[in-house]
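Work out the full structure: start from the sequences and follow the hints.
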Amino acid sequence: MDLLGAILSDLRSALPEGLNLDAVVLRKAPTTSQGDLATNAALVAGTDPAVLVRRLSKDFRIDRASAAGGFVNLRLSKAALDDALKVAADMGPDWGTAGDRGEPVSIEFASAYPTPGLSASHLRQAAFGDALARTLEFAGHAVTREYYVGDGGAQADTLARAVRGVQEGRTTDPALAPIAADAPDGGDDEDGWLAPLRAHAVRGAMRMVRSELEAFGVRMDRFIFERALMEGGAVAAAVADLDAAGHVRDGYIFAADRFGDERARPMRLEDGRWTYFAGDVAAHRLRLEGHRTLIDVLGTDHAAYRRRLTAAVTALSGGAATLDLRLVGPADGPPAAEILETLGPDIARLALLAPRAEVPMTFDMAGARGVAWGNPAWRVLSAAARLGEVGANGGGAPRPLALAIASWPHVARCAAAERNPRIVLSHLLDIAERSIAALDRPEGLDDAGRRAAAASMAAGLSCLGVRPPPDLG
Numbered sequence: 001m002d003l004l005g006a007i008l009s010d011l012r013s014a015l016p017e018g019l020n021l022d023a024v025v026l027r028k029a030p031t032t033s034q035g036d037l038a039t040n041a042a043l044v045a046g047t048d049p050a051v052l053v054r055r056l057s058k059d060f061r062i063d064r065a066s067a068a069g070g071f072v073n074l075r076l077s078k079a080a081l082d083d084a085l086k087v088a089a090d091m092g093p094d095w096g097t098a099g100d101r102g103e104p105v106s107i108e109f110a111s112a113y114p115t116p117g118l119s120a121s122h123l124r125q126a127a128f129g130d131a132l133a134r135t136l137e138f139a140g141h142a143v144t145r146e147y148y149v150g151d152g153g154a155q156a157d158t159l160a161r162a163v164r165g166v167q168e169g170r171t172t173d174p175a176l177a178p179i180a181a182d183a184p185d186g187g188d189d190e191d192g193w194l195a196p197l198r199a200h201a202v203r204g205a206m207r208m209v210r211s212e213l214e215a216f217g218v219r220m221d222r223f224i225f226e227r228a229l230m231e232g233g234a235v236a237a238a239v240a241d242l243d244a245a246g247h248v249r250d251g252y253i254f255a256a257d258r259f260g261d262e263r264a265r266p267m268r269l270e271d272g273r274w275t276y277f278a279g280d281v282a283a284h285r286l287r288l289e290g291h292r293t294l295i296d297v298l299g300t301d302h303a304a305y306r307r308r309l310t311a312a313v314t315a316l317s318g319g320a321a322t323l324d325l326r327l328v329g330p331a332d333g334p335p336a337a338e339i340l341e342t343l344g345p346d347i348a349r350l351a352l353l354a355p356r357a358e359v360p361m362t363f364d365m366a367g368a369r370g371v372a373w374g375n376p377a378w379r380v381l382s383a384a385a386r387l388g389e390v391g392a393n394g395g396g397a398p399r400p401l402a403l404a405i406a407s408w409p410h411v412a413r414c415a416a417a418e419r420n421p422r423i424v425l426s427h428l429l430d431i432a433e434r435s436i437a438a439l440d441r442p443e444g445l446d447d448a449g450r451r452a453a454a455a456s457m458a459a460g461l462s463c464l465g466v467r468p469p470p471d472l473g
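Counting in the numbering used here, the sequence shown runs from 1 upward without gaps.
Hints are computed from structural coordinates only; laboratory data are not their basis. Any given hint might turn out to be false.
Claimed, not checked - Lysine-lysine pairs mimicking PhoX-like chemistry, simulated, CA-CA at most 25 Å apart:
(1) Lys28 <-> Lys78
(2) Lys86 <-> Lys58
(3) Lys58 <-> Lys28
(4) Lys58 <-> Lys78
(5) Lys86 <-> Lys28
It should be emphasised that the depicted structure is a prediction, and the values quoted were computed from it without experimental measurement.
Structure representation (structure tokens):
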């Protein structure tokens, strides 16, 4: 039951044909005195808001409708809110899940050159990417989680040489020691030992990465290795596809400038080796099998990749697929392993998701553990724990809390559509604040209200990949 979504759908269906219906939105009203919600439907349609007010006033879900400038403010009926709360309490953590199935989505995130473990920045990308994947799944999409291993270039050789140094006792590196411990010898000639040691080092580094991702609660469906694409013929096949479609010049230059990129992109170096971009093209070609929606979660230092990757996806799919590139700012902090060992995955996720995704952050380990209302992780988890405490007696859910609970299905769909899991966290913080206020009243919160609030909290936490307290719901 998506109360707000149903009202929005009815608003859009009542408008004249030929309008951009996606421009019609339903948002929280600026102030409670104006109502619960506000819509710009009259503005989009270019009609007198009074006409829409008269129409909405006949809707049993609407207690009051009023015009304010070009907007129309709505106050929901108590009966509609009560119905939503009952459904929420009955559904528990499934409250707000989509009944229909959306199109399959491939999402790549946290990808990196092979290194022994994840950095704080890559852990932040993992938090964002996995939360987005879970939110899309909650909204009905089948999601494939992808990790691209950049092992085809000089970085993998550098890793192998570093392991060789530890193996020979010339250097010390605790992170590389486990890899060096059982590394193959390969003799004294680099031409003899580099390739097998490189393969061994990449496998060892990726074991560490997989282990940390699993400890963080992230399950990747597929790891795509750059070197395998280059050596196995996938890159050549991607170039051949582009060439057959007429998008390659001089045998190896992709005409990306035809698709919005600022220039054409070489896919082969003068010495015959494939470029890094060629590996990217092949990886996206592989991901297009079974998907027409691709999402890449990259660091903000990769912002320039947007046009070239979008051009590649458009050319490979003949315009049938879309690529949505989401940028996540760097996180200055200790390695992922230390963060997870100190905080655990749940607090770490909430702390990493709290700032706006594209803004650089300094990871405050002490602040993330702080028992204070200003700490988003503590605020959400403490409210969730209190909602898990059974209390059959008390007052009904106050209107602000009831509205927040009833809004959850619509919020979840907006977060999925806007590719922004932080919308979910913001809503959880709102429910937490309103739940604590209700619980702290002299009359408290009755069991029906508590269960409805707990259902919204549990559903939202599941979208973020955060485990709720054991008794929640």
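We went through each hint and held it up to the structure:
no.	hint	result
1	Lys28 <-> Lys78	holds, 17 Å
2	Lys86 <-> Lys58	holds, 24 Å
3	Lys58 <-> Lys28	holds, 21 Å
4	Lys58 <-> Lys78	holds, 15 Å
5	Lys86 <-> Lys28	holds, 22 Å
Comparing the model with each numbered hint stated earlier shows that all of them hold.
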